[in-house]
Amino acid sequence: MTPPNAVPVTPAVAGLPDLLLSMADDEFVIGFSDSEWTGIAPLLEEDVAMSSLAQDELGHAAALYDLLAELTGGDRDVLAYDREPPAYRHARLLDHARGDWAMAIARRYLYETSDAVRLEALAGGSWAALADLVGKIQREERYHGLHVAAWLDRLAHVGGEPRERLIAALTALGPDAGTVFAPIPDEPGLVESGILAARMTELEARWRAAIEPTLERLELPQPPPVRDPHEGRTKHGEAFDWLHGEFTAVRRSDPGALW
Amino acid sequence: MSEGRTHLEIARARSGLGGGAPDAGRIRTAVEAIPDPELPVVTIGDLGMVHRVEVDPGAIRVTILPTFIGCPALELIRDAVVEGLTDFGRPVTVTTSFETPWTSERISAAGRAALLAAGIAPPADPDDVRCPYCASARVVMDSAFGPTQCRSLFYCRECRQPFEAMKPV
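Just so you know, the sequences run in chain order A and B.
Counting from 1 along the first sequence, just add 386 to a position and that's the residue number in the numbering used here.
Counting from 1 along the second sequence, just add 7 to a position and that's the residue number in the numbering used here.
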């Protein structure tokens, strides 16, 4: 598809490419991870749901890569597929191996709640091309939030093994949960230019305050602080090397082919 | 377009324009009449996806509002718009925009009626969804996610028929 033509003013804000890359990589990696559940989810409806969620997230990633390509050149496929693992800037929250269904729900819950706070801080921002896209993304994400909240409740309430698995998943992901808010290079410029409503540390505080009552009500563990926030989007590890091998396999099989 | 001249002549003959001012209204009507590739019972006009049609003597520019950002039908829609406007004999460019977000409220009354006739409940709050076959309110949502990004799965307890509903967005 032809990229959106609505990129009227290209703001010369140093942190903007890094912001777009971090968001696009987040959506791309969670979208691809969701698609891994197609065919093996615990219910037929969840096969459909995860496939549909994946399609939404990959669509968001494509639109964000398009915006980035408008700023810096290149194209969405090159951005998505032609980098080596260390060059990706998604949050480390998304670097854990697929795991079980509780892990998929815990990952989606922590990511979707974080993403919602980030989107809120970008909606109505000063760069129309991004603010408009964010407005549209928010309408789709509402369904994602409802879906994952219902599953979190279900696994937490049912007790026994599902609850134990959910707690294990939240405990494993916890130390990386806040990495969606890892600092972005030149972040102050993004705030001063009105593209982003507040610094990432402030957004992280908003996110923790937003999820605390839910986790408390369900008697689930609150995520601890991130150990090394400055490496939250750069140190990816083996699970991502594997995922990267998967999502670049087709592209590498016939470089330059049009699908 | 190598055969541009011939095309233009044919288009003019068909449209009766005779090389005068481009007929923006007719071009817009032609764009709006293009069927949605995933739901061919409705047109992209019915769905409210046609945002802007700009016509000048040298070019036609069409701006589409995607129903969902990652909708795979967008490629097919773009090709269909280009093909559907061939007779106007001018290069056509199709772009997407999020300047105005597409919402399910943009679907016209005719579009809602066509969806219903095809067995797809038009977008509504889940509590207000009615069975497209028997109009019963005794329906349950089976899954918010369906066969395409814009549809949910429901089941009618009255006539025991599964059906799809367009998501309200």
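FYI, nobody ran anything at the bench for these hints, they're computed from the structure.
Hints may be right or wrong, so weigh each one.
Ranges between beta-carbon positions, derived for each pair [stated by the list, open to error]:
| no. | chain 1 | residue 1 | chain 2 | residue 2 | range |
| --- | --- | --- | --- | --- | --- |
| 1 | A | R484 | B | E82 | 44 to 50 Å |
| 2 | B | Y140 | A | T424 | 26 to 32 Å |
| 3 | B | V48 | A | A635 | 50 to 56 Å |
| 4 | B | R145 | A | P471 | 51 to 57 Å |
| 5 | A | G580 | B | P98 | 22 to 28 Å |
| 6 | A | P428 | B | P44 | 29 to 35 Å |
| 7 | B | E82 | A | P472 | 42 to 48 Å |
| 8 | A | A591 | B | D86 | 43 to 49 Å |
| 9 | A | P569 | B | E82 | 22 to 28 Å |
| 10 | A | E605 | B | A40 | 54 to 60 Å |
| 11 | B | P42 | A | D463 | 54 to 60 Å |
| 12 | B | A142 | A | T424 | 42 to 48 Å |
| 13 | A | G459 | B | S143 | 25 to 31 Å |
Output of the computed footprint for chain B on chain A, the stretches with three or more beta carbons under 8 Å from beta carbons of chain B [stated by the list, open to error]:
| no. | segment |
| --- | --- |
| 14 | 457-470 |
| 15 | 542-555 |
| 16 | 562-569 |
| 17 | 605-614 |
Don't be surprised by glycine CBs; every beta carbon is placed ideally from N, CA and C.
Now for the hints, and whether the structure bears them out:
For R484 (chain A) and E82 (chain B), the hinted distance range of 44 to 50 Å is not satisfied, since their beta carbons lie about 30 Å from each other. A beta carbon spacing of about 30 Å between Y140 (chain B) and T424 (chain A) agrees with the range 26 to 32 Å that was offered as a hint. The hinted window of 50 to 56 Å between V48 (chain B) and A635 (chain A) is violated, with their beta carbons roughly 38 Å apart. The hint said 51 to 57 Å for the Cβ distance between R145 (chain B) and P471 (chain A), and at roughly 52 Å that hint holds.
For the pair G580 (chain A) and P98 (chain B), the beta carbons lie near 38 Å from each other, so the given range of 22 to 28 Å is not met. For the pair P428 (chain A) and P44 (chain B), the supplied restraint of 29 to 35 Å holds, since their beta-carbon distance comes to about 32 Å. Distance hint for E82 (chain B) and P472 (chain A): a CB-CB separation of about 32 Å, inconsistent with the stated range 42 to 48 Å. Between A591 (chain A) and D86 (chain B), the C-beta spacing of about 48 Å keeps the proposed range 43 to 49 Å intact.
For P569 (chain A) and E82 (chain B), the hinted distance range of 22 to 28 Å is not satisfied, since their beta carbons lie about 37 Å from each other. Evaluation of the 54 to 60 Å hint for E605 (chain A) and A40 (chain B) yields a pass: the beta carbon distance comes to about 57 Å. The hint said 54 to 60 Å for the Cβ distance between P42 (chain B) and D463 (chain A), and at roughly 29 Å that hint is violated. Checked against the hint of 42 to 48 Å, the C-beta distance between A142 (chain B) and T424 (chain A) comes to roughly 34 Å, which is inconsistent with it.
Range check, G459 (chain A) to S143 (chain B): Cβ separation about 56 Å, and the 25 to 31 Å hint is violated. Residues of the segment 457-470 of chain A with a Cβ under 8 Å from some Cβ of chain B number 0, which does not satisfy the need for three, so the listed coverage is violated. Coverage of the segment 542-555 of chain A by chain B is violated in this model, with 0 residues showing a Cβ closer than 8 Å to a Cβ of that chain against a need of three. For a cut-off of 8 Å, the count of residues in the segment 562-569 of chain A with a CB near a CB of chain B stands at 0, and the three-residue condition is violated.
Counting residues of the segment 605-614 of chain A whose beta-carbon sits less than 8 Å from any beta-carbon of chain B gives 0, not enough to reach three: the coverage restraint is violated.
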